[in-house]
Every structure is written in C-alpha cells, then in structure tokens.
Amino acid sequence: MAVAVSRRQFLKVGGAAAGTAAGALLGLGVDLRPKQVRAQQLRIKDAQVYPSVCPYCAVGCGTLVHVVNGQIVNIEGNPKSPINKGNLCPKGAATYQLHVNPNRLTKVLYRKPYGTQWEVVDLDWAMDRVAELVKKTRDETFVETLPNGKRVMHTTAIYSLGGATIDNEWNHIHQKLMRGLGIVRIENQARI
Amino acid sequence: MAENHPVAFRWVAEAKRRGAKLIHVDPRFTRTSAMADLYVPLRSGTDIAFLGGLIRYMIENEKYFKDYVVNYTNAATIIRDDFQDTEDLEGVFSGLKEAPQGTFQKYVYDNATWQYKRTAAWDAAKAREEALKAATFAEMIQKMVPPPAEKDPTLQHPRTVFQIVRRHFSRYTPEMVEQICGTPKELFLRVAEMLAENSGPDKTTTFVYAMGWTQHTYGVQNIGCAALLQLLLGNMGRPGGGILALRGHATIQGSTDVPTLYHSIQGYMAHPDARRAHDTLRDYILTETRPTGYWANLPKFMVSYLKSMYGDAAKPENDFGYDWHPKINGDYSFMASFHAMARGEIKGAFFFGQNPATSINASLIRRALANLDWMVVKDNFEIETAAFWYKSPEVQSGELKPEQIKTEVFLFPSAQVGEIEGTFTNTQRLIQFHEKAADPPGDCRSDTWFTHQLALRLKKLYADSTLPRDEGFKNLTWDYDYEPGKYPTNTRIQGEPDVMKIWREINGFKTDTGELLKGFGDLKDDGSTTCASWIYCGAYPEEGKFLPANRNPDPDDKPGTHLGWGYAWPANRRILYNRASADPNGNPWSERKKLIWWDAGQKKWVGYDVPDFPATKAPDTPAKPGATGLDAHDGKSPFIMMADGKGWLFVPVGLQDGPLPTHYEPMESPVPNLLYPKWQNNPIAKYYEHERNQLATVGDPQFPVVLTTYRLTEHHLAGGMSRWLPWLAELQPELFVEISPELAAEKGIKNLDLVRISSKRGTIVAKALVTPRLRPLTINGKTVHQIGMPWHWGFMGIAVGDVVNDLGAWVADPNVQIHEMKALLVNVEKAQ
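The listed protein sequences correspond, in order, to chains A and B.
Note that our numbering gives residue 4 to position 4 of the first sequence, counting from 1, and the numbers run on in steps of one.
Note that our numbering gives residue 212 to position 212 of the second sequence, counting from 1, and the numbers run on in steps of one.
Worth flagging that the hints you see were computed from the coordinates, not collected in a lab.
Misleading hints may appear alongside valid ones.
[What the hints assert, rightly or not] As a list, the in silico DSSO-like pairs of lysine-lysine whose alpha-carbon atoms are at most 30 Å apart:
hint, chain 1, residue 1, chain 2, residue 2
1, B, K558, A, K135
2, A, K150, B, K126
3, B, K486, B, K459
4, B, K315, B, K143
5, B, K558, B, K21
6, B, K624, A, K112
7, A, K135, B, K501
8, B, K151, B, K624
9, A, K136, A, K112
10, A, K136, B, K474
11, A, K136, B, K460
A quick note: this is a predicted structure, and the numbers were derived from the prediction, not measured.
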C-alpha cells in the first residue's frame, strides 16, 4: 500500500491545527506560533508518515506512525479520521511505547520441562520444536469417530486462545490452520 | 463510556451540545454520570428487571411506536397454543427438561412450544425426509418452507406476541423495579418518560452497553431485552437508534466474524457438530438453513467456505470435503477448556495476545496451566501467563514448585501494529487497513508470520502421510507466499505471507477464472466460487481496489455516513436493517430522521447509506407464497436476515434460555428472586464444577457485599498492553477498591487503608478508595452495599497488584458461555 498522506500534506494539516490553538492565545498577547511550528518540525523532521489504526479498544481511531531512518519516532491521532479527528485517549496516545520500550521482548524465551529458568533460543529451532509438538499431540489424541459412530475428525487436547487484538488476516489463517488440523478448542477474548 | 471509550464519547458530548439527553444507568457514579442529564443507580445484575419495567411502561401507557411495531416486528404473530410463559409456570417457560450429560447444566429447554402457530398443519420431520431426496440445494430448501404464521394485526388476540409480551412483563412495575434494583421509583419513571419523549418518527434513542450487560449468566437476555424495548420504541434500523456494543479490543469484531471461536465457522455459520443433525453436508444444510429470509443462501456460503478450505480437492462428489472438516462435540469455550485443563485433558496450548493467568478464577487457571505438556505464548512482554511457572502467587506460596511443573514453555516476541500491515474490524463492523511503518526489532514477528511458518512446517511433516485422517490437512490449501519477485525489498524479515493473497481467499473468487467476487450476491453452491467469509465478500472486489484501505471521509456538509472511509460489512452498509428508517410506504418517517427511502421515479431505494434491502424491491411488493429467500418477504419487511422479515420481540429460535428476557438473580446474590421465588437463577445457566469453584449461598452472611468490576481509561484489560508502558503505569500505578463512606464506616476502613477482599474462591488485597461514587442501596427493605474494582493488575510488568479475577467464578450464560464478573458476593475487611 502506498503512503496515503505525504509529509507536505500532513504538515499542512498539522500547521493549520497549531495555528488555531496558538491563534486563540494571541488575544491574550501571547504568540506561541513560532515555538509550536518548531516543536512539530523537530518531532517529525524528515519523517515518513504511515496511516494506521489504534490497537487498543474497538472504536478504531485512526493514527499516524512517523518513521525516521526505519525507526518509529512518534505515533499520534490521524486528524482525517471521521472516528477520532486526531484525538486519542491515554492508551491510544501511548501506542508509541508498545513499539519503543525497553521492557519489550526481542528474543524467543524457552523453559524446559521442570526447568527453573528461561533460556534464549533460536527462532527457527523454536518454530521447528512447536511444529513437532503440535504433530505429536495431534497424532496421539486424534479422534476419527465417537463411540456412537459419529464422525468428528478432531482433537480436543490442543487449545488455541487469543485473537481479538490481532489482525483479521491472522484470525483467518489461524482458525483455518487449526480447523484444518482438526483442532476445535479455538477461543478468543470475545467469549469472555 | 467516558472512561473506557472516551474518544467515542466525544460524539455523545457533541450530540448533547445539539440537544440530546443523556441518561447513565450504572451501579457506580463515573465520568459518564458526571456528563449525564440523569444518573440512575441500580444493583449490579438487575438490568432485566429495570428494562422489563421500561417495556411494561411503554405498553401500559401506549408509548410504543404503533406503526413500526405492527408493520416491522413480530408483535402481530400468533404463538402456538401450548406455549406457556414464566407467568404461567412461576418462573420458567414450557419445554424445560433435564440436561443431558456433559453440558454443565441442570436443565435445558426444548423450544418446540415457542414456535409460531401456522395457518396449516406442518410436519417438519416429514418435510425434511422429502427434502433429503431433492437433487439440488435450492430444491431442498424449497421443500422446507413452512406455511405462513397466523397473525392478528389488531394485536388483540391473546396469543399474539404483543399480548404475550404485555402479560410477561405485567408485574415489572415501578414499585417492583425499586424493590429489585434499588432504583428510586421517581428516578425510574423519569427514565421512562425521557425515553418515550425521545423516540418516535422525529426522534430516536440509542442504547450503549459494554460488559456491564454481557458478563452475567443471562448476558444475552440483557441485550435481547434492550432489543425488545428498542423495537417497541421504533429505534432499530434508524439513524441515531440501535443498540451499540462498546467492544474492548481492536478487532474483537473481526475475530468474531472470521472466528477464532469454537462454536462458529466463517460468517456466523454454526460449526459442524456431532450432537446435531450434521452428519453429511446435506444434513448440515437442512439443519442450518432458514428457508425464508436471506439465510436461505446458506448453501452458497457453506460450499464456498469449503472450497476456501480444500480448494480443487473439494468437489460435489465428495461433499466439497465436508467429511474432512472437524466437528465439535461439546462445550469447548474458555471456561470449559480451562475446566478440561484442570482435569489434565488438554496437552498443548497456544496463547496469542491473551493473558488467562489473570482471568476468571485465575488461581485455578494458573494451576491448570501446570497440567500442560507444552504451551506457546506469543506476546509483546513477559506476561503473567508466560511466567506462571516461576512467578505466580501459587509458586510464591510454595503450593507449586517450578521443578515439579512439567510444562514446556515457549515465549515468542510479537510485532506490533505499526510493524505489520493488516486490518482490524471495529465495533461498528468497519474494516480498516493499517500500513506497515517499520520492521519489528530482533526476533519479533507478526502473528501472521508465526501461523504461516507453523503451517508450512506442519505441511512438510505430514507430506508423506498416507493416513485417511491426514487427508483433509494435506488438501487444506495454503497459498500465501508472495509470488516470485514480489516480496517486499524494504525489510530484513523473511517469510511473511502476502496479506492480499489472504484477502483473495477471504473475499473469494471464481474458481475457473480467478476473478475476484464483487459481493456475496455472486456466490454459488456448485463449487464455481470460493469464499472464506461471505460477510467480508465485496471488501476486495477487484485487483488494486481494496476498500478497507479507503480513506475518503465525507466533507462537513454531507450526511456523515462516511461510505468512503474503510469498509463496513455487509456490503459497506453503515446501519443494519436501514429499510426501517422509512415508513411502510417507503417514505422517511420524518425529514429529521431520513436515511434511505424509495424513489418511485427511479424505482429504487436511495439515500445516504447502502440500502440493506433488495435495491429495486418496491414497498408495495407482495410476498410470494411458498417462495424461499427474500421472495418470501413483502416490501415492508426490513429485517431481511429473519425468517419472517420482522424484528423479533418474541424469539422462537436461537436462544437457549427462553423466548423472552426474564429477571433472575446472579448466581451469587444477596437477596432472593422477588419476581419468581421458585427460580432464583437462570434455570439453564452453566456451572463448571470444581472444588476451587464454590459459590456463596443466597444472602450468604460470610459474603454480604456485591462486587462489580470495571476498567480504567489508562489500562487495557489484563494489562498486557498497558502495565509495561511507563506512561500508562505512571498514570494508574496500583490496584484499588471503591468503597462507600457508609460501608467504610461500618468496617472501620479509612481512605488509603489496605483492605482484604474475599470471595468463596480467593482473597486479594487492595488500597481503599472511600468515595460516595458508590452508594448503599435498599433492596426490598434490606441495605445492600456494593463495591467496585478495576481488574487490570497482575504480578508481572512495571505496575503490579493482586489479580481481581482470582475472586471470580466459573459460571456461564448458556447461550455464549460468558462469565459473571459483574456481580459477585464478597466480604471486605481492613487488612492488618
């Protein structure tokens, strides 16, 4: 998808908003306009802007993600969105810290059975191991027909939970993979 | 709403500025109450008594919207002679019987007596037998069309829905409301008057709710009760009307539509089920298809879905692979699954962006996790679920020891929204695309990457299998890799699937030409179309045109339906059943409330929204006797998904616990059921039996206080997306409990004291916030105290606190298996 809002267009919108706010203070004999424009430019200087959506609640506020040199430098409300017109609540306004945060995990952690600590493991190794475990558990617990003769083609020994904060595309392929394997315990936050 | 969805509340504030009236009904006084014209307290869990009182008021005072009710609802329909109401049977409907094993219930209902009375004899079993012999799905459905229902448009017949509803709620008087809910009668009557004043041809009222209505053992009936009231007031399918669910996750709607939920497959079709007549595809289609109304098209949706699963291997001669598709055979919901896990019946588990270690009856969940052989957590931070084996309260207390826990644990770091391209579906069914702005750090990957890579590995592992049980998986189509040379070059991450290929499959295409489908009207039941999700069909109607990425809002002087912003399923309609925004003749009910209307010159429906009605079906079109689908409806039947085209005041099929909402007490209640003393609780509510899941008794002296839980503006759910963020952790650093000054005085508790809160399941500690925002209520002469607690905390992250859900119980609504965290019994004491 192409970037829908160019930096120039964005600055136009941002500048207009800043002008209104600062203009209100003019009547008090205070002119903040030069400072505001400078602050805006510093924060998003040379940034590319990508339209996005707030990942918290289901109101669906539009956001703009600013990127400089491949790094996210700022996330704020999209003034063009008819849902939020640029506003965000405290959670939405903190979306930046979901991305840029020293508490964030960046490696796969693994705990052996009966282990007492985490180990950092290779992503590919972990993926292979999970695939093996899924196959092993599925093969050991798969039921083709019930004692009453009804065909079920399922396993109830594997459980998949989650999805309401994750893209529709994931929900689609994940439920497809699970059902394709016969895994029927599929649930997410919408239940509770 | 002002607390949890403040940006949406902005529009409530705007409506108020333009003269709208705002009523807030809540056990707690909140920021929303502060903005309201009228704040109305009530006891948590008594909403049906309250709404039932409003229904009675509208009927007895003739404040309902008569033209709307007679033409657009099933008010005039006559119900079978053998139906018996809760008024006849002291609290239950006809059809109650003992539950079969394994349902976690004492009773279930047989709904045979709740059905419409037909104008001629109708033997459904015999019709089904005949239908099974038919050559095509269309013929099958044709044979299942029942004779029309009997009606009395004067609404006077004693067995009309209208009269049954009137009698059902006849004892829900303002006095009864006061006794049950604790809401002063005068305040209740003021609500009723304001609702009536603000509904009708020229005005509409909307209801907005969240978990305060859903988290009950009669949660679905709470919403149904509001729907009944809104239909009486003529507020459905009209601008400014409806019932709005304020949902709490970015795509909780999408994950219900494209369902990672056990009970349904794509687009709200029932999951094939070994307990029902679903043995073959024909059985499934006969059982699930409503022959009249839009659901008559279900064979097209289902066959196209199977084609999306099994591709070319899905053929007419093998029932499109139906036998490969798994069937469910029980309750596999959230609580039922943890119940199974606690018994050691589950070996492996995936947790994607969900944190059950702090969920309902959380201590029991954490113990259950130790029974797993393996678990995968995929999240942004080291959440409680990932750390249960070394950091949980049960490990701290020595009850669980890491060296005795067998579970093999994987914690995969996730990419975040700005690092992925994809879509969310918001609470108004609006699908919105978000772009990828940057790569995620380190080994963080999108969940889509994870599932795609897992599938590719499993495909390899099963490639050589010759077992019949693996045939379905081997035939499962999995074509999401980018075409050669098309993989994005501006990323270091390899192996992401092509999101637009996933959308081809969701939207659907013609199997011969590969041409994308323009909408669900193009679907076929012969295998010539494939489409995973019929309701999303049309979102991607042609190459290079992906409507969820549209960002063209209406200018300020336009109606504001914003049809150019994102894509709302179905067919980009913004208000469902919007035919009801026009009168039976097709004219707007009023100039002020016009949305779509019949243009006699152009012979079509026109207006500000996409009509949720056949575009050229005139208002005077008669129903075709014996026809299937929408031909069975006349031009005055807006509710196209319903078999009879009408809004259902009385619900003959689809609800497990009765055709009408009925007041029952929460499973834990301080008082007996005043309306139906013989039936304290929803008779078919679920209870998941376990020694650590005991319930308090009615009016339990050990647990006299009602607890309700809620969320804060600054935190999100179990905290996985907020308690690790310094900005948010600083704003709301610790757990607290809101206690009224009266209860605090009684218990010797001062503001900021540490307080111990206990239920029959657990005990936690929190800081007291003594505040008149919570008031003691007088319930049938007895003083009942309520306390409130936010539930965002846990033992990990940078803002930690006790897990409020440790107090919760595994009890459930029988329709959807939601729990009852909004009304528990607890005790409160000052902690030493």
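Holds or violated: K558 (chain B) with K135 (chain A), Cα cutoff 30 Å?
violated (56 Å)
Are K315 (chain B) and K143 (chain B) close enough, with their CA atoms no more than 30 Å apart?
With a Cα-Cα distance of about 24 Å, the restraint between K315 (chain B) and K143 (chain B) holds, given a limit of 30 Å.
Taking 30 Å as the top limit, are the C-alpha atoms of K135 (chain A) and K501 (chain B) close enough?
Holds, at about 26 Å.
Tell me if the straight-line CA distance from K136 (chain A) to K460 (chain B) falls inside 30 Å.
holds (14 Å)
Hey, K136 (chain A) versus K112 (chain A), does the alpha-carbon distance stay inside 30 Å?
holds (17 Å)
For the pair supplied as a hint, K624 (chain B) and K112 (chain A), is the alpha-carbon distance within the 30 Å limit?
violated (67 Å)
Proposed proximity, K459 (chain B) with K486 (chain B) (alpha carbon, max 30 Å)
This hinted pair holds, its Cα atoms lying about 23 Å apart.
Sort out whether K474 (chain B) lies within 30 Å of K136 (chain A), counting only the CA atoms.
Holds: K136 (chain A) and K474 (chain B) sit about 16 Å apart, inside 30 Å.
Pair hint K558 (chain B) and K21 (chain B), alpha-carbon separation not exceeding 30 Å
holds (24 Å)
30 Å limit on alpha-carbon distance, applied to hinted pair K150 (chain A) and K126 (chain B):
holds (23 Å)
Against the 30 Å threshold, does the CA-CA distance of K151 (chain B) and K624 (chain B) hold or violate the hint?
The given pair, whose Cα atoms are some 17 Å apart, holds under the 30 Å limit.
Hint compliance for this structure: hints 1 and 6 are not met, and every other hint is.
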